[in-house]
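*Asks:* The lines below spell out each chain.
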Amino acid sequence: MSLLEIFVVLLSAFGVFFMLVSAIGIVRLPDVFSRMHAGGKASTVGISAMLLAAGIYFFEEFLFYRTILLIALLFATLPIATSAMSRAAYRTGPVKRKHLNYDDMAKDAGDQ
Amino acid sequence: MHMRNIFLMNLILAISWSALQESIDIATLTTGFVLGFLVLSVIYRGYAGTILGIFGYVLFMVWSIVVASVQVAGYVLSPDPKLDQGIVEIPLDVRSDLETAILASSITLTPGTISIHVGRNPEGQRVLYVHNLVMGDPSEVRRKIKHDFERRILRVTRGGVIA
Numbered sequence: 001m002s003l004l005e006i007f008v009v010l011l012s013a014f015g016v017f018f019m020l021v022s023a024i025g026i027v028r029l030p031d032v033f034s035r036m037h038a039g040g041k042a043s044t045v046g047i048s049a050m051l052l053a054a055g056i057y058f059f060e061e062f063l064f065y066r067t068i069l070l071i072a073l074l075f076a077t078l079p080i081a082t083s084a085m086s087r088a089a090y091r092t093g094p095v096k097r098k099h100l101n102y103d104d105m106a107k108d109a110g111d112q
Numbered sequence: 001m002h003m004r005n006i007f008l009m010n011l012i013l014a015i016s017w018s019a020l021q022e023s024i025d026i027a028t029l030t031t032g033f034v035l036g037f038l039v040l041s042v043i044y045r046g047y048a049g050t051i052l053g054i055f056g057y058v059l060f061m062v063w064s065i066v067v068a069s070v071q072v073a074g075y076v077l078s079p080d081p082k083l084d085q086g087i088v089e090i091p092l093d094v095r096s097d098l099e100t101a102i103l104a105s106s107i108t109l110t111p112g113t114i115s116i117h118v119g120r121n122p123e124g125q126r127v128l129y130v131h132n133l134v135m136g137d138p139s140e141v142r143r144k145i146k147h148d149f150e151r152r153i154l155r156v157t158r159g160g161v162i163a
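Quick mapping for you: the protein sequence lines, in order, are chains V and P. Heads up: the first sequence at position 94 corresponds to 94 in the working numbering, and the numbers run straight through without jumps. Heads up: the second sequence at position 64 corresponds to 64 in the working numbering, and the numbers run straight through without jumps.
Derived from the structure by calculation, the hints contain no laboratory data. Mixed in with the good hints there might be a few duds.
As the list claims (entries may be wrong) - Cβ-to-Cβ under 7 Å is the rule here; a few derived chain V residues that face chain P:
(1) 7
(2) 79
(3) 102
What the hints assert, rightly or not - One side only, chain P facing chain V, incomplete, derived with CB under 8 Å:
(4) 29
(5) 65
(6) 67
(7) 111
(8) 112
To be verified - Covered stretches of chain V (in silico footprint by chain P; criterion: 3 or more residues with CB under 8 Å from a CB of chain P, positions within the stretch not fixed):
(9) 18-27
(10) 65-78
Beta carbons are placed, not taken as given, at the ideal position from N, Cα and C, and that holds for glycine.
Just chain V, with the same shape it has in the complex (with noise of 0.2 Å):
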């Protein structure tokens, strides 16, 4: 195996191991808020460093190119959708709180 082929395939390994946390976590942990935090970020990390091995391993200008585009997308886009779930979980009920040690948005003076 060449050192480039080692790299790729570490790459895809944290790519990969990043995925399962990703899926452990979403299963594991307690309330909207924490599984927001590991289905979105784990697989972001997971996602980005599959797509960079996939990029190197099938090494061609462009095809590099649009996997680097991609992963700027991804980094555009996921975390609005982040934002706005968990959002829309603490605006739809107290009971999703219970978690919660401390909380600065209970007293939000309301939309500017």
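Fit chain P to the supplied structure of chain V, relying on the hints for placement.
*Replies:* Same frame as chain V, now just chain P:
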């Protein structure tokens, strides 16, 4: 001149370079961009700082995402996850929509923190509400976010307008 116009000029220089070289590929365009960048950063003070600042911010984001992912993975996989969740308000110094959006997205991208809402606290100050997976001391969280993210964003955007 506004930073955006200088950047556009840099792109035009890159395209001109590529036209004069009679080849359009990424390598030629990149060479043209770098040469144009060197020329423009001599002419306009602050341009080099802004572009390098953006580049540095991207590198900083990648680094902090990787570090924080490992931390979150640790919490998820530990036999008895000790979470200490909480929502902290971060008073904002950023003003424009673009700055706020970049700040909120960066915070959400970094594992362990999600920005939930931009609102006003009872004192009427503009604040960002950030949910933390493992919180600790609220003022420490505030200090860290303001120092790590907001300061870097402001350095790029406020250094932006030059003569």
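*Asks:* Hint by hint, which ones does this structure get wrong, listed from lowest number up?
*Replies:* When the structure is compared with the hints, numbers 1, 4, 6 turn out to be violated.
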